[in-house]
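Asker: Sequence:
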Amino acid sequence: MSYNEKHNDANGEGNRDGESHNRSWNCGAEGPADDAAVTTLRERQKRNFLATLLLSQGVPMVVHGDELGRTQGGNNNVYAQNNEISWIDWARARNYDVLTVFTRRLTRLRADHPLFRRRRFVTGEPAGESKPPGIAWLRCDGDPMGDPDWSAEAARTIIVFLNGEAIPESDALGDRIVDDSFPLLLNASPEDVEFTLPDAAYGQSWQTVVDTADPLLAASAGASVKAGARCR
Numbered sequence: 001m002s003y004n005e006k007h008n009d010a011n012g013e014g015n016r017d018g019e020s021h022n023r024s025w026n027c028g029a030e031g032p033a034d035d036a037a038v039t040t041l042r043e044r045q046k047r048n049f050l051a052t053l054l055l056s057q058g059v060p061m062v063v064h065g066d067e068l069g070r071t072q073g074g075n076n077n078v079y080a081q082n083n084e085i086s087w088i089d090w091a092r093a094r095n096y097d098v099l100t101v102f103t104r105r106l107t108r109l110r111a112d113h114p115l116f117r118r119r120r121f122v123t124g125e126p127a128g129e130s131k132p133p134g135i136a137w138l139r140c141d142g143d144p145m146g147d148p149d150w151s152a153e154a155a156r157t158i159i160v161f162l163n164g165e166a167i168p169e170s171d172a173l174g175d176r177i178v179d180d181s182f183p184l185l186l187n188a189s190p191e192d193v194e195f196t197l198p199d200a201a202y203g204q205s206w207q208t209v210v211d212t213a214d215p216l217l218a219a220s221a222g223a224s225v226k227a228g229a230r231c232r
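Reading the sequence shown from the start, the letters are residues 1 to 232 in the numbering used here.
Simulated from the structure, these hints should not be mistaken for lab results. Quantities reported herein were computed from a predicted structural model and do not represent experimental measurements. We put the CB at the ideal spot given by N, CA and C, even for glycine. There may be inaccurate statements among the hints.
Here are the computed lysine to aspartate or glutamate pairs in the EDC-like style, where the Cα-Cα straight-line distance is at most 16 Å [unchecked claim]: (1) Lys6 x Asp17; (2) Lys6 x Glu43; (3) Lys226 x Asp199; (4) Lys131 x Asp97; (5) Lys6 x Glu19; (6) Lys226 x Asp141; (7) Lys131 x Glu165; (8) Lys131 x Asp180; (9) Lys131 x Asp199.
Pair ranges (Cβ atoms, derived) [claimed, not checked]: (10) Asp175 x Glu153: 44 to 54 Å; (11) Ser151 x Ile177: 30 to 40 Å; (12) Val62 x Asp192: 20 to 30 Å; (13) Ala33 x Glu84: 15 to 25 Å; (14) Pro60 x Asp214: 17 to 27 Å.
Produce the entire structure from the sequences given, and follow the hints as far as they go.
Answerer: Have a look at this one:
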């Protein structure tokens with residue numbers, strides 16, 4: 001989130017080493033910035049990426065230091081850097097940095113809910129009579145995604161509904177796994193978007209437990225909203 005290009009000059013290879021196609025975005029300034037708009041956006045993007053990763057199925061792969069916002073000064077090939085470029089700032093971690101605390105909350109949420117750690121691929125097949133499927137893809141207005149929606153080039157929003165009552169797996173004792181259900185509201189546009197929560201068939205009410213716009217929000221303090229309500 002801090003660099004568009006690699007900055008491997010300290011390696012002594014004329015910046016020719018390391019991968020050049022990093023698909024990164026510096027949020028408006030290359031390297032360290034004192035522009036509040038840039039730094040605020042960078043911190044939000046860090047939380048967006050961590051939340052997307054840790055609330056996805058499969059084994060999450062995090063490079064050590066990501067939870068601290070470590071940038072390595074834009075160097076993506078630190079094999080020759082046994083110094084501040086590659087070191088971890090442990091003092092920052094001990095001071096309970098906002099990003100570290102947010103990451104800890106995400107890992108706790110993932111550990112507490114088997115819904116995010118399913119051992120089988122999720123399908124959109126019906127979970128039973130009058131029950132929503134194990135996963136459903138909805139538009140920001142709460143209606144199911146259709147073929148035209150998937151093809152819409154300008155689409156930047158989606159609701160991913162994960163059904164905690166449709167996990168076809170058993171625990172170590174052979175008991176059926178049942179969990180809470182979660183609608184994940186994802187907005188990749190640069191503007192705030194109003195979402196309409198799924199109707200009562202998916203759940204009567206919902207509570208906000210993670211909000212990348214509010215990293216200090218305690219799960220117990222999240223707003224409780226009813227099915228069909230609108231939120232941002």
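Asker: At the C-beta level, are Ala33 and Glu84 separated by a distance inside 15 to 25 Å?
Answerer: Holds, since Ala33 and Glu84 (Cβ atoms, about 19 Å apart) stay within the stated range.
Asker: If you draw a straight line from the CA of Lys131 to the CA of Asp97, is it 16 Å or shorter?
Answerer: Answer violated: Lys131 to Asp97 is near 42 Å, above 16 Å.
Asker: When you check the alpha-carbon spacing of Lys6 and Glu43, does it fall within 16 Å?
Answerer: violated (20 Å)
Asker: Given the proposed pairing of Lys131 with Asp180, does the C-alpha separation stay at or below 16 Å?
Answerer: Since the Cα atoms of Lys131 and Asp180 sit roughly 14 Å apart, the hinted pair holds (cutoff 16 Å).
Asker: Lys226 and Asp141: Cα distance at most 16 Å?
Answerer: Roughly 15 Å between the alpha carbons, so the hint for Lys226 and Asp141 holds.
Asker: Is the straight-line distance between the alpha-carbon of Lys226 and that of Asp199 16 Å or less?
Answerer: holds (9 Å)
Asker: Holds or violated: Lys131 with Glu165, Cα cutoff 16 Å?
Answerer: With a Cα-Cα distance of about 9 Å, the restraint between Lys131 and Glu165 holds, given a limit of 16 Å.
Asker: Against the range 20 to 30 Å, how does the distance between the Cβ atoms of Val62 and Asp192 compare: consistent or not?
Answerer: holds (28 Å)
Asker: Are the Cα atoms of Lys6 and Glu19 separated by 16 Å or less?
Answerer: holds (8 Å)
Asker: If I claimed the Cβ atoms of Pro60 and Asp214 lie 17 to 27 Å apart, would that claim hold in this structure?
Answerer: holds (22 Å)
Asker: Taking the Cβ atom of Asp175 and the Cβ atom of Glu153, is their distance within the range 44 to 54 Å?
Answerer: holds (46 Å)
Asker: Looking only at beta-carbon atoms, does the pair Ser151, Ile177 fall within the given range of 30 to 40 Å?
Answerer: holds (35 Å)
In this structure, the hints that do not hold are numbers 2, 4, in rising order.
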